[in-house]
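Residue numbers (the working numbering), protein chains in the order written: chain A, -3 to 416; chain B, 2 to 132.
Be aware that a few hints might be false.
[To be verified] Below, simulated DMTMM-like cross-link-like pairs (lysine to aspartate or glutamate); rule was C-alpha separation at most 20 angstroms, straight line:
1) Lys88(B) x Asp22(A)
2) Lys88(B) x Glu171(A)
3) Lys158(A) x Asp92(B)
4) Lys158(A) x Glu109(B)
5) Lys158(A) x Asp89(B)
6) Lys99(B) x Glu174(A)
7) Lys64(B) x Glu171(A)
8) Lys158(A) x Glu12(B)
9) Lys158(A) x Glu16(B)
10) Lys158(A) x Glu119(B)
11) Lys64(B) x Glu174(A)
12) Lys122(B) x Asp73(A)
13) Lys158(A) x Glu86(B)
14) Lys122(B) x Glu29(B)
It is worth saying that the hints were derived from the structure and are not from the lab.
Spelled out, the chains give:
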Amino acid sequence: MSDPIEELFRTESRRVLATLIRLLGDFDLAEEAMQEAFTTAVERWPTEGTPKNPRAWLVSTGRFKAIDQLRRRARFDASLAAVADRLGNGVTPPHELDDDRLEDDRLRLIFTCCHPALQPDAQIALTLREVCGLTTEEIARAFLTPAPTLAQRIVRAKAKIKAARIPYHIPSRAELPERLATVLHVIYLVFNEGYSASSGGSLTRLELSVEAIRLGRLLTELLPEPEAAGLLALMLLHESRRASRTTADGELVLLDDQDRSSWNRELIAEGVTLVERALRSRNFGPYTLQAAIAAVHAEAPSAADTDWAEIVGLYDVLRKADPSPVIELNRAAAVAMRDGPENGLVLIDGILARGELADYAVAHSTRAELCRRLGRTADAVDSYRRAHALTRQEAQRRFIDRKLGALLEAGDGTNHVPRH
Amino acid sequence: MRYLCLIYENEKAWESLPPSEAEAIMGEYFGFTEQIRGNGKFVAGEALQPTPTATTVRVRNGKISTTDGPFAETKEQLGGFYLIEAKDLNDAIQVASKIPSARVGSIEVRPVIDFSQEMEKREQEGAGASV
Chain A
-3 MSDPIEELFR TESRRVLATL IRLLGDFDLA EEAMQEAFTT AVERWPTEGT PKNPRAWLVS
57 TGRFKAIDQL RRRARFDASL AAVADRLGNG VTPPHELDDD RLEDDRLRLI FTCCHPALQP
117 DAQIALTLRE VCGLTTEEIA RAFLTPAPTL AQRIVRAKAK IKAARIPYHI PSRAELPERL
177 ATVLHVIYLV FNEGYSASSG GSLTRLELSV EAIRLGRLLT ELLPEPEAAG LLALMLLHES
237 RRASRTTADG ELVLLDDQDR SSWNRELIAE GVTLVERALR SRNFGPYTLQ AAIAAVHAEA
297 PSAADTDWAE IVGLYDVLRK ADPSPVIELN RAAAVAMRDG PENGLVLIDG ILARGELADY
357 AVAHSTRAEL CRRLGRTADA VDSYRRAHAL TRQEAQRRFI DRKLGALLEA GDGTNHVPRH
Chain B
2 MRYLCLIYEN EKAWESLPPS EAEAIMGEYF GFTEQIRGNG KFVAGEALQP TPTATTVRVR
62 NGKISTTDGP FAETKEQLGG FYLIEAKDLN DAIQVASKIP SARVGSIEVR PVIDFSQEME
122 KREQEGAGAS V
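Generate coordinates for the entire structure from the input sequences, incorporating the hints supplied.
Listed below in structure tokens is the structure:
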């Protein structure tokens, strides 16, 4: 492909695809049509010149090619003739190509790929494939899944879209809350998979985070919902700390110990602006609140100079909006900073006693850290050991090893350390 | 008295059936349907698309939750059915969410197989043979 068309493919192929799916009513047919349209562009534009509206040209060429293809295949498969007839002649009515409609198509594509009637894994795979344009192999690699498994997942999802007739629609007002929640969840899962891989050796898989932020931007641009802005802010604020959360050799650095001068100020400024906007709407939810907490951290000059009272207050609102034991745990850690470790420890022990986080490594390592600060070395060692046994992340395991090593070396508690 | 006859079978077995055998069973089904239509015992009947097309709808705390697959809990038993006409799956989910039991149990929404083309084909073939 010549450079300008290659560039156009990068910026336009997903828009063209989104519109072709609407016009053709079929993912695979649209994918083929999009490829054909770009192939035709490569053949014709260098000699005939670039059309005035390349996007519209690509859509109508793709649609024409698809109908042509269907008619040829209809000679062998009569059912395709009906499909071709329904699509009419090869000429695309100009009003179908308005920029506004094309933008809506991108939103339709997002909502269809993240439809809650699809398996959660399939929602993620389909979104990365169709909306972001990642290849099946790229997605498989990022999620440490065999490529055939991932391909199968996408095939099944497309089959369900067709068979159960999942519509290519932007949800109505009544449907929007549930549907938006699914979309935001998919984007956040992609981000988290890139930010802290749930298993395996690499702590960050940058490309997934980049895609998630790109999706977040796209959604915020297309849909003025405060929670979409809140999620984008949350991702940007996390992303701003990426450079400082691991050392050069891949070791984990906790928030308190991070070099704040390496935080990305541009991302922080953008995140903070988005949070403020979402908060002002008074129609925000858990993502905005988490982003607000991240913003307080981002703007604090050091861990000690953080407005912990503000953070505890935000966690109070958050746990009402979205009750979860992990939020309770984070709140307990903030209380420990505001009121002292013993107060945090009481809360964490309460949460652990309820059993929900008994197998959550971070709960035990947080407890260990508070015990350490209180000088309860034996308890700290015990909790770190439990966290060590539970974590599936290599970097986290090494981090705990270092903490344990330091504790045991300090030696003042050696007599009380239980042997395992 | 009306009775609902529920058809349970291994849907995977259908997939691996040679086309000729599948065709034969289909023929048997069409024959049976015709027979009970004829003797006045038929009220309604449909074939369902396989379970990967299923969606389960529940309403909890006033919120609709939609999940992929047929996921009735083992403590839930089939208690009734509605055959509805809906524009698409979203429309069907909205209707299903208003069934009172969606608030305590679960509603499995499964698309019905459209046999209209098949019927047309059979009628054309059948008409030729019987005249």
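Against the structure, the hints:
Taking the CA atoms of lysine 88(B) and aspartate 22(A), the gap is about 17 angstroms. The hint holds against a cut of 20 angstroms. For the proposed pair lysine 88(B) and glutamate 171(A), the alpha carbon gap of about 15 angstroms is at most 20 angstroms, so the pair holds. Straight-line distance between C-alpha atoms of lysine 158(A) and aspartate 92(B) comes to about 15 angstroms, which keeps the hinted pair within the 20 angstroms bound. For the hint linking lysine 158(A) to glutamate 109(B), the alpha-carbon distance of about 18 angstroms falls within 20 angstroms, and the restraint holds.
Restraint check for lysine 158(A) and aspartate 89(B): satisfied, since their Cα atoms lie roughly 10 angstroms apart, inside the 20 angstroms limit. At roughly 16 angstroms between alpha-carbon atoms, lysine 99(B) and glutamate 174(A) fall within 20 angstroms of each other, so this suggested pair holds. Between lysine 64(B) and glutamate 171(A) the alpha-carbon distance is near 10 angstroms, which keeps this suggested pair within the 20 angstroms criterion. Distance restraint check for lysine 158(A) and glutamate 12(B): the Cα-Cα separation of roughly 19 angstroms lies within the 20 angstroms cut-off, and the hinted pair is therefore satisfied.
Taking the CA atoms of lysine 158(A) and glutamate 16(B), the gap is near 18 angstroms; set against the 20 angstroms cutoff, the hint holds. Restraint check for lysine 158(A) and glutamate 119(B): satisfied, since their Cα atoms lie roughly 19 angstroms apart, inside the 20 angstroms limit. Under the criterion of a C-alpha separation no larger than 20 angstroms, the hint pairing lysine 64(B) with glutamate 174(A) is consistent with the structure, at around 8 angstroms. At most 20 angstroms may separate the alpha-carbon atoms for a hinted pair to count; lysine 122(B) and aspartate 73(A) meet this at roughly 14 angstroms.
For the suggested pair lysine 158(A) and glutamate 86(B), the alpha carbons sit about 17 angstroms apart, so the restraint of at most 20 angstroms is met. Between lysine 122(B) and glutamate 29(B) the alpha-carbon distance is near 16 angstroms, which keeps this suggested pair within the 20 angstroms criterion.
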